[in-house]
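Whenever a hint applies, use it, and build me the whole structure from the sequences.
Residue numbers (numbering that gives the first Met the number 0), protein chains in the order written: chain A, 0 to 48; chain B, 0 to 225; chain C, 0 to 219.
If you are wondering where the hints come from, they were derived from the structure by calculation, not from laboratory data. Among the hints, erroneous ones may be present.
As the list claims (entries may be wrong) - Calculated cross-link-like contacts (lysine-lysine; reagent style BS3-like; alpha-carbon spacing at most 25 Å): (1) LYS217/B <-> LYS38/A; (2) LYS38/A <-> LYS10/B; (3) LYS39/A <-> LYS217/B.
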Amino acid sequence: MMYKYFGFFLAAFLVIFVAICSWIYVIYQQEKELLTELKKLNTNKSEVE
Amino acid sequence: MESFHSRQSSKVTAGILAVFWVVVLYLVLNETRIDPDQQMAQKIFYYHVPSAWVAGLGYLVVMFAGVLYLTKKDEKWDHLGLAAAELGTLFCALVLITGPIWAKPIWGAPWSWEPRLTTVLIMFLIYIGYFMVRNFGDEGERTRRISAVLGIAAFFNVPIIYVSVKFWAADAQLHPQPAMSQQSPDVFWTFMLSLLVFTLLFVHLLRFRVHILKLRSKVLGMRYDV
Amino acid sequence: MLAVLVRKDLLIEFRSREILISMITFGAAITLLYAFSFRPSPESMLTFAPGLMWMVFLFVSVLALHRSHSLEKEFDAFSMILSAPVERSVLFISKYLSGFIFLVIAQMVLLPLFFLFLQLPLPANLAQMVAVFLLVDLGISAAGSLLSGIVMRVRVNEMLLPLILFPMVTPLLISAVKSTASIMDSQPFNQWKLWFQLIVSFVIVFSLMGYLIYDYVSEE
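Written out as structure tokens, the structure is:
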């Protein structure tokens with residue numbers, strides 16, 4: 000840590016790490032919403048049938 | 000349909016990825032040699048270069064998915080194309096951010112019209128256009144078709160873009176050109192491991208995203224049935 | 000069939016002349032703005048002139064490309080053409096050629112204006128200049144026809160076309176500017192051969208691509 004430019008390395012690493020995690024979070028949330036809606040639609044369908 | 004990560008194979012892959020991500024970080028911080036001039040900033044390359052590799056891989060997949068969609072007309076190729084375009088553009092953006100972060104301490108200026116970085120910038124802009132076309136087109140088959148064509152056209156332009164930019168700013172040939180085979184083992188193997196991690200991450204996220212797009216397509220279909 | 004289609008495009012244009020007039024007026028306006036915005040010494044003007052020149056031509060070509068394709072949308076003309084027994088790739092070539100012709104005509108008016116207003120010396124080798132210009136026009140028209148075919152079916156397409164076209168033609172633009180600069184500097188062909196080769200490559204790649212995949216773009 001006493002080497003030069005550690006801050007820059009940390010910045011670059013964090014940008015990549017945060018970006019990837021954010022992307023995973025966003026699509027994970029989308030999957031959750033879609034699955035709940037799918038479940039709802041399926042129960043609606045079976046009620047109608 | 001179930002959640003992508005409820006599958007055993009996905010859980011295992013995700014676990015392996017998380018572990019190896021930490022391993023690479025450990026190696027980068029503790030085991031790799033310190034460059035006398037660039038010191039810690041040089042280590043950005045263990046992340047910057049694999050990101051560029053993934054971006055290129057993403058756009059290659061977009062091209063193939065486009066061709067397959069146009070010939071086979073199966074929706075799953077369009078899902079693959081869109082997922083790959085998203086990932087490719089995400090990593091493109093990461094290259095464009097980490098590059099200047101490295102350049103600021105080393106060259107003094109965050110940006111220079113260095114050919115590889117410039118080519119990545121142009122590709123990024125082209126793909127912003129791709130997403131706008133997708134957004135402003137309606138949900139139908141025609142939008143998917145023209146997106147496929149756009150993805151193909153964009154990819155075949157890349158070599159021409161690269162050559163033209165390379166000779167355009169001949170003074171900006173400042174990008175380090177490390178010959179990987181000549182690097183010491185600690186650098187070489189850490190780099191290779193990082194490359195592997197990024198590639199696996201790409202494949203995993205691609206499959207995850209395609210699964211979600213398939214799910215979305217199913218839900219949209221059902222929504223208007225009921 | 001191709002001749003008929005091209006003739007149709009040209010006839011429509013020569014009756015109303017709306018595309019050419021808008022191209023020329025817009026191009027002249029930009030050139031005037033350049034003349035007012037920069038008053039550098041003749042040597043510096045010579046450095047910037049090729050770049051400024053090609054930017055004007057790119058901007059006016061967007062006008063032509065957009066208008067040329069949107070004309071087809073009026074009265075659903077496009078579906079009618081599609082129902083005729085004509086190959087879609089031939090449609091691409093007709094748009095390609097008519098776009099090229101419009102650009103060349105506009106340049107014949109705009110280029111003298113450009114040299115006049117910016118007080119530029121004429122290049123010694125006019126033949127080389129004409130050759131380069133014709134080739135670059137082919138390149139702009141090839142990429143432009145393909146891309147405007149793509150975005151024409153999408154909302155907000157006036158904005159989308161330049162947004163996609165400009166990044167795509169950056170290699171062509173770079174090569175055009177470098178070639179023009181070398182010609183105006185009276186450099187021998189060997190010095191700028193690379194840029195010429197790049198222009199030719201671009202023209203070949205996009206002409207081929209357009210010919211092969213326009214089919215998928217124009218399906219209903």
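Evaluated hints:
For the suggested pair LYS217/B and LYS38/A, the alpha carbons sit about 12 Å apart, so the restraint of at most 25 Å is met. The suggested pairing of LYS38/A with LYS10/B holds, with an alpha-carbon distance near 22 Å, which does not exceed 25 Å. Between LYS39/A and LYS217/B, the direct Cα distance comes to roughly 13 Å. Compliance with the 25 Å bound is thereby established for this hinted pair.
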